[in-house]
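Keeping their order, the protein sequence lines are chains A and B. Counting from 208, one number per residue, gives the positions in the first sequence under the numbering used here. Counting from 208, one number per residue, gives the positions in the second sequence under the numbering used here.
Please note that a few of the clues may not be correct.
[As the list claims (entries may be wrong)] Listed next, with one range per pair, are the computed distances between beta-carbon atoms:
hint : chain 1 : residue 1 : chain 2 : residue 2 : range
1    : B       : L378      : A       : G258      : 28 to 34 Å
2    : B       : A224      : A       : A397      : 43 to 49 Å
3    : B       : L378      : A       : G438      : 51 to 57 Å
4    : A       : A319      : B       : A407      : 37 to 43 Å
5    : A       : D353      : B       : A224      : 18 to 24 Å
6    : B       : A304      : A       : A515      : 50 to 56 Å
7    : A       : G258      : B       : R259      : 17 to 23 Å
[To be verified] Computed list of chain B residues with no C-beta within reach of chain A, every gap over 12 Å:
hint : residue
8    : D235
9    : P244
10   : D266
11   : V277
12   : D318
13   : A319
14   : R331
15   : G358
16   : A385
17   : L391
18   : V450
19   : P458
20   : T503
21   : S505
22   : L510
Calculated from the structure, these hints are not laboratory results. In this text, all values refer to a predicted model and were calculated from it rather than measured experimentally. Using N, Cα and C, we set each Cβ at its ideal position, and we do this for glycine too.
2 protein chains.
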Amino acid sequence: MGEFELIRRHFQRAGVAQPGNVVLGVGDDCALLQPAPGHQLAISTDMLVEGRHFFADVDPEALGHKALAVNLSDLAAMGARPLGCTLALSLPRADDAWLAAFARGLFALADAHACPLVGGDTTRGPLNLCITVFGELRPGQASRRDAAQVGDDIYVSGRTGEARLALEWLLGTPWARAAVGPELPADLRARLERPTPRLALGQALAGVAHAALDLSDGLTGDLGHILAASGVGADIALADLPVAPVLAALPDAERQTCLLSGGDDYELLFTAPVSARAAVQAAAQASGTAVARIGTVSAAPGLRLLDASGEAVAFRAKSFDHFG
Amino acid sequence: MGEFELIRRHFQRAGVAQPGNVVLGVGDDCALLQPAPGHQLAISTDMLVEGRHFFADVDPEALGHKALAVNLSDLAAMGARPLGCTLALSLPRADDAWLAAFARGLFALADAHACPLVGGDTTRGPLNLCITVFGELRPGQASRRDAAQVGDDIYVSGRTGEARLALEWLLGTPWARAAVGPELPADLRARLERPTPRLALGQALAGVAHAALDLSDGLTGDLGHILAASGVGADIALADLPVAPVLAALPDAERQTCLLSGGDDYELLFTAPVSARAAVQAAAQASGTAVARIGTVSAAPGLRLLDASGEAVAFRAKSFDHFG
């Protein structure tokens, strides 16, 4: 199978209707898209490398899902609506079954969010996936990292920590094996391998939230980006963090690691003014996504974690760093 | 140096003015761009892998140039004006001097074409560069591969074959060493390592050319894409192909290989109606880019190479295939 046949067989989908704003899809020098009049373009790119972001034996269908999901999650954080994506792929060999499964996972998520694959590149080399996504949103509606204001509530969607627990289980870490048991439940594995990009919530929060981002490196580390960009501090009430039942079985230190510096959560972390509490709940309801209020933006610099009695708790703010 | 410090030091440029259509650049979940009203968006992505697209010891400044140039070349082929680009980078280690040189090469070309770096991703792994570019153009002005018409003239910009000759010299191929000599001249090396994206020509041809593409895999192979997409054939007059002086010293077979299936030329190959000959020359002059008329689009399927007496010449249409 040559390069063009590989693309034709797995990534060009004759007969699948394209959204109306796709003027030209896979197969030319460029794709052509027609954004809605007056809208801005939101763009994000993520590169996934074997051994860093996934294991060599990962289910290729799950990998196809995740490679797109982590990008869509960035559009969600901004409040943008997906327009399309490109895929650049470096492969050690052209493995037909692997590619078919990968494409199935990718297209299932792409179709669910009307985010057509409009272009790409294929080469031989160490396994590497680079997806770039494009979305659109109205000027002034983006939820930026630098927009948190003193007095804002801080919210998180869904729950954090399960992806980290699943990762530690796969790595054979004793505390993870002890808490989870000898088998990794499918729903826990899915939290690591098939994250859900919170697109509907992100769009519902456009114009409601002040600052937002998606959690990829851990709650405290990522919140730190908002605080730094906005020049503010924050108080987080530990007791208000949503905790999955499977995390309840963990020792305190490991549970806190999962909740606060877990990584790979792909939940939205955002701030909104107190006056918008009803609007935030309406956005959560409209998008079918649970949202928890977990703290407050303060003028005092730094991030404080408070226990149930309001006392500051010591913690190591640690987040993933590829070159740390 | 951590991941965020690496990005800050080498890829965020405080104090460098951004074009007005960049609403938000490097540092948030997404970049935000504001395309011109009514314009379409052109998108292309290319991935460069060590050992496939460049040698491990390549000058990093040249690599920064080339990684962006091959993408801008796709915008040029479409007739689009650059809006911005993203860079995803997998690096075996954070080498400060290497990154500084790479960024210098990238930004020099980006600045020359008002194509700001608006976002990216950095990870540790085998060296891999994935750039995605965005451009804009007026609806209906794109030069697509499927738009060649019977009777069109066929043109090529600049000259083909020098990049291939430089590559063969670097690989130590005897006929290349014999023709070039013991030293690789800087201008010949530059044809391989610092290709010139033909953006001004591409934009000047928008609405003038019918079909166009940029030559990355060799003239005959790439022309084959236009013929297949447009459902036409072509006759190419070999004597009309521009030949660099350094290629004149090659034996016939090797010269033909370089000219016709060289690869890495990044010249524009395009078709235009006979009625547009003056307009094509005006576009060439306005953009300061030489253009040669080398053949004709025909209704008879297939590609024929004709010698000076109009006789068909045998050749192997061979173009680069990563999985061939």
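Just double-check R331/B for me: nearest Cβ-Cβ distance to chain A has to come out over 12 Å. violated, 5 Å
Do the Cβ positions of G258/A and R259/B conform to the proposed distance bound of 17 to 23 Å? holds, 19 Å
Closest CB-CB distance from L391/B to chain A, is it above 12 Å? At about 25 Å from chain A, L391/B clears the 12 Å cut-off, so the statement holds.
When you look at the beta carbon of V277/B, is every beta carbon of chain A farther off than 12 Å? Its Cβ does come within 12 Å of chain A, the nearest being 10 Å, so this is violated.
Does P458/B clear chain A by more than 12 Å, comparing its Cβ with all Cβ atoms of that chain? holds, 29 Å
Quick check for students: does the CB of A319/B sit more than 12 Å from each CB in chain A? Answer for A319/B: holds, closest chain A Cβ roughly 20 Å.
Claimed clearance of chain A by L510/B, with the beta carbon kept past 12 Å: holds, 16 Å
Say whether it holds or is violated: P244/B keeps its Cβ farther than 12 Å from all Cβ of chain A. violated, 7 Å
12 Å cut-off, C-beta based - D318/B kept clear of every residue in chain A: holds, 19 Å
Verify that the Cβ of V450/B lies farther than 12 Å from every Cβ atom of chain A, and report whether the claim holds or is violated. The claim stands: V450/B keeps its Cβ more than 12 Å from every Cβ of chain A (closest is about 26 Å).
Cβ separation check - T503/B to all of chain A, threshold 12 Å: holds, 22 Å
Is S505/B truly not at the interface, in the sense that its beta carbon sits beyond 12 Å from all beta carbons of chain A? holds, 22 Å
In summary, the numbered hints that this structure violates are 8, 9, 11 and 14.
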